[in-house]
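Each of the two chains sits in its own frame; use the hints to bring them together as a complex.
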Amino acid sequence: MQDSTPFLQLLGISKKFGSVTALSKVSLSLHQGEILALLGENGAGKTTLMNILFGHYVADSGSITLNGKELPSGSPRHALKAGLGMVHQHFTLADNMSVFDNITLGTEPLFAFRRKKSEAIRKIKDLINAYELDVDHRSLVKHLSVGQRQRVEILKALYRDTRILILDEPTAVLTPQESEHLFATLRLLVDKGLAIIFITHKLKEVIGVSDRCLVLRHGVVTYEHRTSETDMDTLAREMVGGEVPKVEVLPGAPGETVLSLHMVSACDRHGFSLLHEASLHLRSGEILGIAGVSGNGQGHLADLISGLLSPSSGSFELLGEEVVRLGPVDMVRRGVGRIPEDRTGTGLIGDMNVQENLILENYWKKEVSRYGLLKASFMKKNSEEITSRYDVRCGGEELPVRMMSGGNMQKLILGRVLSEKPSVIMANQPTWGLDVGAATFVHSQLISASRSGAGVIIISEDLDELFKVADVIQVMYQGSLSAPIQPSATNAREMGLAMSGHLDVFTMVSPEEACHAA
Amino acid sequence: MDTLQLFLEAGFWMAVVRMATPLLFGTLGELICERAGVLNLGIEGIMAAGCMSGWTWVYLGGDLWGGILFAACVGGAFGLLHAIFTVHLGLSQHVTGLGITMLASALSSFVFRMVLPDVTTPPKIVPFAPMDIPILGDIPVLGPIIFNQSPLTLLALILVFFVGWFLKHTPAGLALCMTGENPMAVESQGLSVFAIRTCAVVVGSGLMAVGGAFLTLSAFDAFYIGMVNGRGWICIALVVFSSWKPSKALLGVVLFAAFDALQMRVQQDVSMVIPYQFYLMMPYVFSIVALIIMSRRSAYPKALLVPFRKGER
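Here the protein sequences line up with chains A and B, keeping their order. Numbering that gives the first Met the number 0 puts the first residue of the first sequence at 0, with every later residue one more than the last. Numbering that gives the first Met the number 0 puts the first residue of the second sequence at 0, with every later residue one more than the last.
Hints in this document: simulated from the structure, not taken from any laboratory. Careful: at least some of the hints might be erroneous.
Said to hold, decoys possible - Dumping the calculated PhoX-like pairs for lysine-lysine here, alpha-carbon to alpha-carbon at most 25 Å:
hint, chain 1, residue 1, chain 2, residue 2
1, A, Lys141, B, Lys301
2, B, Lys167, A, Lys141
3, B, Lys244, A, Lys115
4, A, Lys191, A, Lys124
5, A, Lys115, B, Lys167
6, A, Lys68, A, Lys116
7, A, Lys15, B, Lys309
8, B, Lys244, A, Lys141
9, B, Lys309, A, Lys24
Note that the structure is a prediction, hence the values are computed from the model and not measured.
Excised from the complex, chain B in its bound form (with noise of 0.2 Å):
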């Protein structure tokens, strides 16, 4: 197979603008918690929660966009939980994350089980159907790849924009900012840091459980324990990478995403001399050069991972 003619396929660009998709809500979930100011190590365990609670929602009758909300929901629970020990309560976020992955990792299991106890091949439900949209997916090329998707795909495009528009030009945005700068020149101005940091973290992790419940109601039908696969730890490397702005994190998502699409079109290549395991890793050593090129440079908020304790100096 010939790679170069790979990249002029649109089928292959469905595929990466497919995969994209739950990397660009966790990433951008994780992007509004740290320009707060609050590193949310529980993404991995909460994009887990989101496939689970998602997928349970349509099983047990509900409707697909209630699967969504109702994952969402779940997220912005695990948010609040995390929001209560590490901003209220001033904990270290880089263990009360790791906690809330484990729990939410390990709940999503338990309620599956409880909710099938005697299944040995998961069930499947009917997933969104890819958007027959008119006119816009008549548009070659770029018709197929951005709207022959399903409808979350292109919610997770408009995010981008909308949370790049939000942080740049709203009065709200700039106090977020402004709080994972510095919370006393929020607090000076009489803003609360608390709640602009639990708004943060709450929203940011309903967006994770929302890449979460991607995998279980679009990407696939049904729900693995495991599925995440440490896409939720990709989001964050994808942050650094990203700068904290949401226009180059489009990017750095896109690129993770390509280099996914395309070792697994190489792996299935038989006539290939490499190992296959060499593709495997290719996206993840792709993020670490990455990272150790961008993050150099990058201008990481500077309250990040700073408790904010009023009335002290």
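The following block holds chain A by itself, in its conformation from the complex (with noise of 0.2 Å):
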């Protein structure tokens, strides 16, 4: 199946981006017909690596071989020739646009009276059929579905006879179902001699799809095997440089209920649904998982519970009260503590220190401020206190949080939230883009607050994430929600039929069947 000369051969790669250093003398070899695994950590360089190689960045040292030629580095242009293709995690596609013309762009001379549209129709057709992308060149990328989008993004590659198909972070974004089409996919593709590497941090997946793999620690190889001769636990004490940190999970006891929803929906102004007929009950001592592919309508529940949304019609109670038309700030006096998804974008202000950072939802209150004036010696004590009970490395109060790593900018607001011993904690994506450790003190943080009292809402498109800490789910589809299920009851598939608009998977399953099922 292999050839022993290796078909791209990238020797000693190292990247800096200002002091940090993204990649260290980094070697990867790659034959035609296997699919390599990249493993790593978020952070540990997998993407930096893939966009040297495809020319998005410079590599400080190092040489790229592909087919014994070398590579000219920072050329996208060169890179597509030579027959490399990439599937972005985020798609590079231009949503105004149509599938067609998102495929065909830079394939054709630029000085051309009119575009070859019947032979490339053709071409794209054929791919579609031998592949089973299924997907239709008309219409405009916005209205594709994220998987759909992604099969156009591995259309554009082999629509230029990509001989090497590197993925990053393939099925962050699927659905289970479609991340076994994808990879039924990818396997036709290697039958047929290409050569694939794949960017993930999931285990599961390596062991599933991967001929060989590769393990990234910050910015170095560390572990390098077949596949079929390791396992998960190898790899995943490779990843994270030791023992993998375990989240103790202690049984619930859930109370009353804190936060209710009784068939709420909500508009944009321009009169589109954002939410539709949205129930759901969070009890105290709970914690409520709300899965879903991102866009579904995650994000403007989370809006809808911090007060940025209002809804249109149902009822929406808090602690017992009817929340009607309450600003965000009304409801971080009521109790509500927000975890937003963008860390940067609304949970700080990148540009201010801890300590002002800190106070942005308290400042309000007598201790912190008098006569309109912040009491210095307050956010100084106050900051020491969260900054080592919530272990934040800021690396001084005094610079401004944007210099801070990701895990320590949650942390930071992770620190913030609870301080203030809120009775409904919502968190967005709350482990998004953190590593293993950082996420495992952020979920036993807010197990333990949960188990305090607080009614915790965490969103997230990682159902192994819901699976670990929540002790029920809702699935979330185009502004609905679905009933409520417990992890044990239900299993990745059904998660995975509800997930792509069959919410009324869990109401069909008989109690008997869901025990049966556990």
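What follows is the structure, given as structure tokens:
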């Protein structure tokens, strides 16, 4: 199956961003007809390495050889010409243009009087049929689901007769079923002689699809092996660099309802529906997980509970009181703690320091300010307390928080929210982009907050995360919520069905069956 | 004067098309820049530079078409300056554009004063004569309105269709539109975002300057300081009105010019009860109302105003 000489070879690639070393002397080889999994934590340098290979970044040192010839650095055009294709984690598609336009862009000489459409359409249709990449070439990208957009990205690469396909975290946005479909497609491609590099941080996928795997940790290759001769535990240890920290999930004791939505709908100012008859009941001492493919209204649900969006119909109760026209400030004062999705955009003010960021939600309190003046002594004491208690490493409280790592930013937000002892905690993607250590810390803090009486909502696109920490799960699809289900009573397949629109899948299961499935 | 009767006069529509010409060049130029993702607020100054440089070329003995070409080059040079600041250095497009407008307007007045230090009444040149096309010019109604005009007017009308075709049906047009929608999509297909944006801004600015040169080489025969008189800003509004489509831009420009021509006719009528200032306002009120109606629906290029920096996440 493999030639003895590698098709692609990266030798001694190093790259620094400012003073931070992203990659240090990384070497990698790839043969035709194999799937190489590139495994590593967030921030290990996987994406940086692939962006160097594709020419988006220029490496400080090292060389790339493809098919015996050296590849000029920093030029996506040469990379494409040599047969490299990349499916980026954040899709590089233009939303307002058609699938056809997105695929054919740059594939014909720029200065022609007319585009050769019919030939191109035939070629695209052939590819769609050959690899089961079902998508309509005429539709606008903005009307496609995330899974379909990914197929367009793959088509984009195949249309250029790619020899090596790089996929960056391809399953992050897919339902379990869509992931299975993707893996089948990849197998088909490899059988036709393509080579694939598959970037991921999910161990199951490495074992499931790859022929060989390579672990990257802090920019250094720490492990390389044939997948068939290794196992998940070894890979996990190599990825984290030691034993994998475990979250201790204490049994919960749900109390009374702290927050409830009953048939809540909401629209934007153009009348476009954002939430559709969504219902949920959150009890104290309970963690409610909201699952779903990204962009199905999770952000709007978070906005609603944070007071940024008001419902157009339905009832919304907080601590037994009807919520009517309350803004974000009112919600915070009534005991809603918010951990937003976009840490630097809405969670923190990047150019302000730790002390200032920590009082953003309670500056009006007597102990923080008096006569319109902030109390410097309180701010100092407050930030010392929170940074030590929540293990925030900021390199100086006077530095702007944008200099901090994602994990430390999240701990800072967590500290700000939890120190106010909220009765409801709304956490949107709380561990997105964090390494295992920081993610475990966030999870254990949220669990202990819930066990001491808060109701916690965790919105996540990562099913494994919800299965690990949530007491009940509801699935969100196009602004609607499914009935709640206990993680022990369901499985990934059912969740996948619900995430692709079959929200009634849980209500159809009878209790006996649920027990049986568990 | 009966206003309705006015609309039936060929003379009125001839005036409309004539007044529309500089706006058409300016709007198409701005549209090309914005479709590539670069707002060019230098338009007002670039049109002034086109006015001055075209006129000066002819005044110093060059021929009329040479003047147009020279004006386009001067406009392109200011466009290049705008592109260096906004595309390559990624600076604010608003600030740079306003700076270009001030620089180009002031330089035009300065150069004009250098060329003619001691003149109180501006000297005149011989402008473009209306064309006399044998068969086409004899078509009833349409003939005089479109073909008995300055050749620049015909050029502007042809350009509308050419730019529309270019954006929709050529590979280069697709690349340009895609750059305005998502630069990463262009970069990941191996094309240079910098090169595409720079070309678009240079060509667009060249067209704006031709629109300015029309004023001194066809509509009038002399250069006055401040003669662009806000036409550049109107073009920016018209681009929004057009939803970034050349065909709709033509509609918008003609509508605006019609209001402008109407306003000029009506304010000459002394029997009118309403003060003439209200008529002066009309085209601008129209453009504000039209903007409010149209811009709610318009899908602007998504990457407009967003600088692209290679190698950044």
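So, going through the hints one by one against the coordinates:
1. A/Lys141 <-> B/Lys301: holds (12 Å)
2. B/Lys167 <-> A/Lys141: holds (19 Å)
3. B/Lys244 <-> A/Lys115: holds (23 Å)
4. A/Lys191 <-> A/Lys124: holds (18 Å)
5. A/Lys115 <-> B/Lys167: holds (13 Å)
6. A/Lys68 <-> A/Lys116: violated (33 Å)
7. A/Lys15 <-> B/Lys309: holds (16 Å)
8. B/Lys244 <-> A/Lys141: The hint holds at about 20 Å.
9. B/Lys309 <-> A/Lys24: Roughly 23 Å between the alpha carbons, so the hint for B/Lys309 and A/Lys24 holds.
Hint 6 from the list above is the single one not met by this structure.
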